[in-house]
Amino acid sequence: MSAVFSCREAARLASEAQDHALPMPKRMALRMHTMMCAACRAYERQIILIDTVFCLRAKHGKPDLPTSEGLDAAARERIRARLTQGP
Amino acid sequence: MSAMPKPRPAATNPNQWVDTHADSLFRYALTRLRRREDAEDAVQETLLAGLQAQRAFRGDSAELTWLMGILRHKIVDRIRVAARDTTVEALPAGEMDEWCGKTDRWLHPPKSWSGDPTRLSEDAEFWQQVRKCFGALPERQAQIFVLRTFDELEAEDICKQTGISATNLWVLLHRARTRLRACLEESWFTPESKP
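Sequences listed follow chains A and B, in order. The working numbering numbers the first residue of the first sequence as 1 and each following residue consecutively. The working numbering numbers the first residue of the second sequence as 1 and each following residue consecutively.
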């Protein structure tokens, strides 16, 4: 088995590594690849950055994306009326 | 032996929930469900369920956090129902455009850029751009990515709660990350190199 695999495989594994512990041989092969390949190295760092930025926003009490839309008056009234009827 | 029952903390009157919590719940739901009507329905269902379960609220968490937990369960339920019939084959081939034919090389190799996570997380303009890129993701990818990041669920827990297999989950997350990364590269991190 070659330790060098395609960028496609490396990118897939770089993402998978964020979600579960890769088995040792795959982890080593990924590290070998990213050492030699600037594009996949950038990919790995950048997806980690994006995941982290999302987590940080949630930690600041905003687990959502900004929106200009709010709950409008009609929906508010409808929900209020429904709640008054009880569960 | 039995411990003293905890005094029930005074929860706010459910009559005020629409005023105090509905907007936060709506934003939370809109991020995950995207369609305004679906988000409104989810908020109503959540507040009704909250009303019904009010006795179960022990005040261990803030009331809004508790209601958001109920809402998250409702959203996960929807994902589970929708995912039931989906097989790997049925997943859209969202990453194909990243790869150069049979060579498995990058068609557009990621450029070299970086950012400060803390500063970005507080940058309102950046989040406006994220919202655009996020909106271009297929719905399932977007929902799963948010469960993993905003909701901070472990991959294993997402699988358990949604019934999506681990392999499919990794594929969905990989595609979401690949698309978000490419979109933000082009629109935010290296906009000057745009053709």
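It should be emphasised that the hints constitute simulated quantities derived from the structure, not laboratory data. Backbone N, C-alpha and C define an ideal beta-carbon position, used for all residues, glycine too. Do not take every clue at face value.
Computed far set for chain A versus chain B, every beta-carbon distance over 12 Å [said to hold, decoys possible]:
id, residue
1, Arg27
2, Met28
3, Ala29
4, Met32
5, Met35
6, Arg41
7, Ala42
8, Ile48
Each pair of labels, with its calculated beta carbon distance range [as the list claims (entries may be wrong)]:
id, chain 1, residue 1, chain 2, residue 2, range
9, A, Glu77, B, Ala166, 20 to 26 Å
10, B, Ala56, A, Ala73, 27 to 33 Å
11, A, Ala81, B, Thr190, 38 to 44 Å
12, A, Arg45, B, His73, 20 to 26 Å
Say whether it holds or is violated: A:Arg41 keeps its Cβ farther than 12 Å from all Cβ of chain B.
At roughly 9 Å from the nearest Cβ of chain B, A:Arg41 sits no farther out than 12 Å, so the non-interface label is violated.
Cβ separation of A:Arg45 and B:His73, checked against the hinted range 20 to 26 Å:
34 Å, violated
Given as non-interface: A:Met32, which should sit over 12 Å from chain B by C-beta:
16 Å, holds
Grab the minimum beta-carbon distance between A:Met28 and chain B and tell me whether it stays above 12 Å.
19 Å, holds
CB-CB spacing for A:Ala73 and B:Ala56 relative to the 27 to 33 Å hint
Because 31 Å falls inside the window, the suggested range holds.
Verify this label for me: A:Arg27 is non-interface relative to chain B, using a Cβ-Cβ cutoff of 12 Å.
The assertion about A:Arg27 holds, with a minimum of 15 Å to chain B.
Would the least Cβ to Cβ distance between A:Ala42 and chain B come out above 12 Å?
4 Å, violated
Report holds if the minimum CB distance from A:Ala29 to chain B is greater than 12 Å, and violated otherwise.
15 Å, holds
Pairwise beta carbon distance, A:Glu77 to B:Ala166, judged against the given window 20 to 26 Å:
Since the Cβ atoms of A:Glu77 and B:Ala166 sit about 44 Å apart, the hinted range of 20 to 26 Å is violated.
Beyond 12 Å from chain B, beta-carbon-wise, is A:Ile48?
Not fine: 9 Å to the nearest Cβ puts A:Ile48 too close to chain B.
Do A:Ala81 and B:Thr190 keep their Cβ atoms within the hinted range of 38 to 44 Å?
Because 51 Å falls outside the window, the suggested range is violated.
Regarding the assertion that A:Met35 does not contact chain B, is the least Cβ-Cβ distance greater than 12 Å?
Answer for A:Met35: holds, closest chain B Cβ roughly 15 Å.
Taken one by one, the earlier hints fail for this structure at numbers 6, 7, 8, 9, 11 and 12, listed in ascending order.
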